[in-house]
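Chemist: For reference, the chains in residue letters:
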Amino acid sequence: MRLASYWRTRQQRLGLVGEICPHCGKPLFPPRDVCPACHGPAKEPYRFSGKGTVYSFSTVYSAPEGFEAYVPYVVALVKLEEGPLVTAQLTDVSKEEVSIGMPVEMVTRKLREDGDAGLVAYNFKFRPVLQAVIDEPVSLSATA
Amino acid sequence: MRGVALYIRSQTDRRLDRHLRDVSIIGIGQTPVGEHWDKPLRVLGTEAVRAALADAGVECPEALYVGNMLSGQLLGQENVGALIADHAGLSGIEAYKIEAACASGAAAFRTAYMAVASGLCDVVVACGVEKMTDTLTDETTGALVAAADAEFEGEHGLSFVGINALLMQRYLYEHGYDRQDFSGFAINAHRNAANNPNAMFRKKISAEAFARAKIIAEPVSLLDSSGIGDGAAAAVLASADWARAHGKRQVRVAASAAATDAVALHDRDDLLFLRAAWLSARKAYAQAGVSPKDIDFFELHDAFTIMSALSLEATGFAERGQGVRLAMEDAIALNGRIPICTMGGLKARGHPVGATGMYQIVEAAQQLLGAAGANQLPNCRLGMTQNIGGSGATVVTHILERAG
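Sequence order for the protein chains is H and Y.
Using my numbering, read the first sequence as starting at 264 and increasing by one per residue.
Using my numbering, read the second sequence as starting at 179 and increasing by one per residue.
Okay, chain H solo, but in the shape it has when bound (with noise of 0.2 Å):
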């Protein structure tokens, strides 16, 4: 990734800011500046909660140029709770456990370095939802 466009697209990567259209109030992202419903522009910022579910999923075992450290890694579609769908890695599961349907949330993670003097590039992925274990009370004894 180029620097500039690091730079520029720095509010969607890690705060999930798209757009909202005025006219018809159909949540955008990534921002676009025209509602491809209903064609007017749409400019007003808009920060998505970052919750969803997963729509589709592939675990990559041949990564383009840049990724091959990486593999396997799950990509996913995530549909956002407020509509939108979005391209994302998922991360803290394994690739069995993940399903069409499992309810995700986003975080923020290094997607990669470019190399010793290159950036290194944060971006969104989606996790598991947590959730709080309550029934069985967590023992600090490492002999249990």
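Heads up, a few of these hints could be off.
[Said to hold, decoys possible] Partial list, computed: chain H residues near chain Y (C-beta under 10 Å):
(1) R271
(2) P293
(3) P299
(4) Y318
(5) S319
(6) Y324
(7) G329
(8) P335
(9) Y336
(10) V338
(11) K358
(12) V370
(13) N386
(14) F387
Since the hints were made in silico from the structure, they are not lab data.
These numbers come from a predicted model, not from an experiment.
Idealized CB from N, CA, C, for every residue including glycine.
Use these hints to put chain Y onto chain H, whose structure you have.
Modeler: Only chain Y this time, still in chain H's reference frame:
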């Protein structure tokens, strides 16, 4: 949908209103698809262009349109139109490179068609050429991702295989198929390629081989995917009047249509509906005055098996969710209800991306001229080609008709 209605009407009315001229293919040429270590881009393009000109009996066309996707990224070479014109002995004529990702070839053909139909030119050449094996595989696959949304798809490590995997995974989920159900597409392609001397993979494959194939991006395996190769194909186009006056053998271009959709999968309202494929096919059927049942064979864009299923559905050969059934029932074989990939398709003839659309055109012309050898379809009159750029963002559809 208002836009869609307007598009279709404008495309059908235009022929009547503006008196476009009839256009014919009068010559074709191609190189074998493969790993051409000994040949640079310019030589591949030159060979196809000169073969097509020789076939047409034409020495100097008025323009050359070259479909190519990756020359800049992989070879550091742009200005490919002028390069190939010069090396093919045509220096001086108008020449451009046309880029529309994997649909570059058919986009070049359509540009050539527009030049002749409009009356600006009488005789032109369309060529598709790609050189993909000078670079290592990960560099080439990295370049192919440029057909997707670089900032919001490619940035997440999504390969082009990965994009098709997302489509296939959702298709399996929604319609309840197994990945093995797609084997018929690959088996048919390899079976047909076995008889095509220009095909890259001329070995037949079995359902067992398909089941065992290495997974590249779950659920897409190596045998769902078309191969990386070099190649070039070309056609000479002329106005039908000019062709008649000069006694040329003709294949009529009955329809030429293009349409677009969102580049990124996540920007589409309906993931499993190739809207641009549907739209360009609708326009093409309207222009030619035909429907899917009139089409004798279909050279579709089988870059991945899932693309074959989705194309068959978008173009009206199958209901939604039923495209893969045509492969399961072998209705796509040479003697089937709707033969596809009659010379091996992208899967087995090979997929030199910017050249692929021109291979489809050349092979459809071979069928209509009775020059398809062992794979010749009996009594075919109408052949359709459909070239898809990206995961469905640019789609160019042509219908060719046997003359007489």
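Chemist: Give a verdict on every hint.
Modeler: Verification of the hints:
| no. | hint | in the structure |
| --- | --- | --- |
| 1 | R271 | holds (9 Å) |
| 2 | P293 | holds (5 Å) |
| 3 | P299 | holds (7 Å) |
| 4 | Y318 | holds (7 Å) |
| 5 | S319 | holds (4 Å) |
| 6 | Y324 | holds (6 Å) |
| 7 | G329 | holds (7 Å) |
| 8 | P335 | holds (9 Å) |
| 9 | Y336 | holds (6 Å) |
| 10 | V338 | holds (5 Å) |
| 11 | K358 | holds (8 Å) |
| 12 | V370 | violated (14 Å) |
| 13 | N386 | holds (7 Å) |
| 14 | F387 | holds (9 Å) |
Hint 12 from the earlier list is the only one contradicted by this structure; the remaining hints agree with it.
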